[in-house]
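Numbering of the sequence shown is given in the working numbering, commencing with residue 690 and proceeding in unit increments.
Simulated from the structure, these hints should not be mistaken for lab results. Keep in mind that the hints are not guaranteed to be accurate.
[What the hints assert, rightly or not] Below, computed lysine-lysine pairings styled on DSBU-like, alpha-carbon distance capped at 35 Å:
1. K901 with K989
2. K953 with K749
3. K814 with K865
4. K989 with K743
5. K814 with K841
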Amino acid sequence: MQNGCCAILALLAAISTYSCSSSKPAPAPAAETSAPADEAALFQIPQNQLEHLKIVEVRKAAWSTTVRTTGTVDWDADHTTQAITQVNGPISRLLVDLGTSVAVNQPLLYVSSPDVANAIVTYRKARNHLDYSKRALDRNQDLLDHKVIAQKDFEAAQQDYNDAGSDVENSLQALKIFGVTQQEVDDAQRQGVPINPQLAVRSPIAGVVVQKLVSPGLVIQAGMTACFTISDISTVWVQGHIYDRDLESIRIGDAVEETNSSFKETFHGVVSYIGALVDPATRTTSVRIVTRNPQGVLKKDMFVDAVIHTRSGRSVLAVPTSAILRNDENLPFVYVQAAPGQFAQRLVNLGAQQGDETEIMSGAKEGEKIVAEGSVFLQFANSTR
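My request is simple: use the sequences and hints to build the entire structure.
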């Protein structure tokens, strides 16, 4: 009996000892070097598909900083002017209307001007007196040669002729100020008809009539009444506004690309002026962009979106935009080549985009080789492994 109890106690002790030893954690296996995440996800594609891939290196690129703004189209003030008459009188006839393309010196309207009529009369009187004084001078020259008159009488005739010449020149200049040419005066005088005192107001530049400020019958004042506004719309100004943080980057001469949602084309211009004052309400500074508008598509007061390409560059890690793919969670990734024929999918954080390149903020290093084209083969191989 005593021997049986001892056997039972020995069995219980053995079971207890085994239970305690089995509750302890198993010893850790010998440490191994962990494979990098990319290597763990490596997959291969057949050699005959490699030729369909374009492999490029992640590289450092010098990018220009871009500043975006919106702007309003305005006429180019350096190529816009008003047609103003130099005489008083009522408008007798209009020759152009809004939107008319005009050449330099093209007549825009006619004014019935008593000032022109008086100037023509003065000119003709001066011409007649010049002709008379010339005949008198020739006669006195002959008399002086025959010692019929004294020298002082000849000199008086000569002075009268000189004065008559000055009067003709002065009266002709008055007509030119009014816009009447000497050819017009001479033609009318040769034909023996009076010059029509209808003065043409001419366009000072070539361009398009963008404002019509008068109507027939309106009495206009010399040097004060603007009749039309003419603008060369092959270039326009875009007035934009820049925030303080971007001012340091922008320089006069920076290239600008502009778009309007109504048109497909991109317009090009340059920064020509940066304002000296900050608007206290918006905390922005005005910037002027001279923009090419060869077809006259951009109109005054239109809105455009402008991208200013500054010359203050920055260095970025860049890859072709075609190398960027997205997974099922819409996260961007690239395929990195670990070795010839071996690739891994790598998530990346994206920055700005410029042209056909995209900035890589993290996830790839300079010099690493990635797939720029042909990723469809990799996607298929990755999905079937």
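Against the structure, the hints come out as follows:
1. At roughly 15 Å between alpha-carbon atoms, K901 and K989 fall within 35 Å of each other, so this suggested pair holds.
2. Taking the CA atoms of K953 and K749, the gap is near 33 Å; set against the 35 Å cutoff, the hint holds.
3. In summary, the hint linking K814 to K865 is supported, as the alpha carbons are separated by about 17 Å, within the 35 Å threshold.
4. For the given pair, K989 sits about 48 Å from K743 by alpha-carbon distance, which is inconsistent with the 35 Å threshold.
5. The straight-line distance between the Cα atoms of K814 and K841 is roughly 26 Å, inside the 35 Å bound, and the hint therefore holds.
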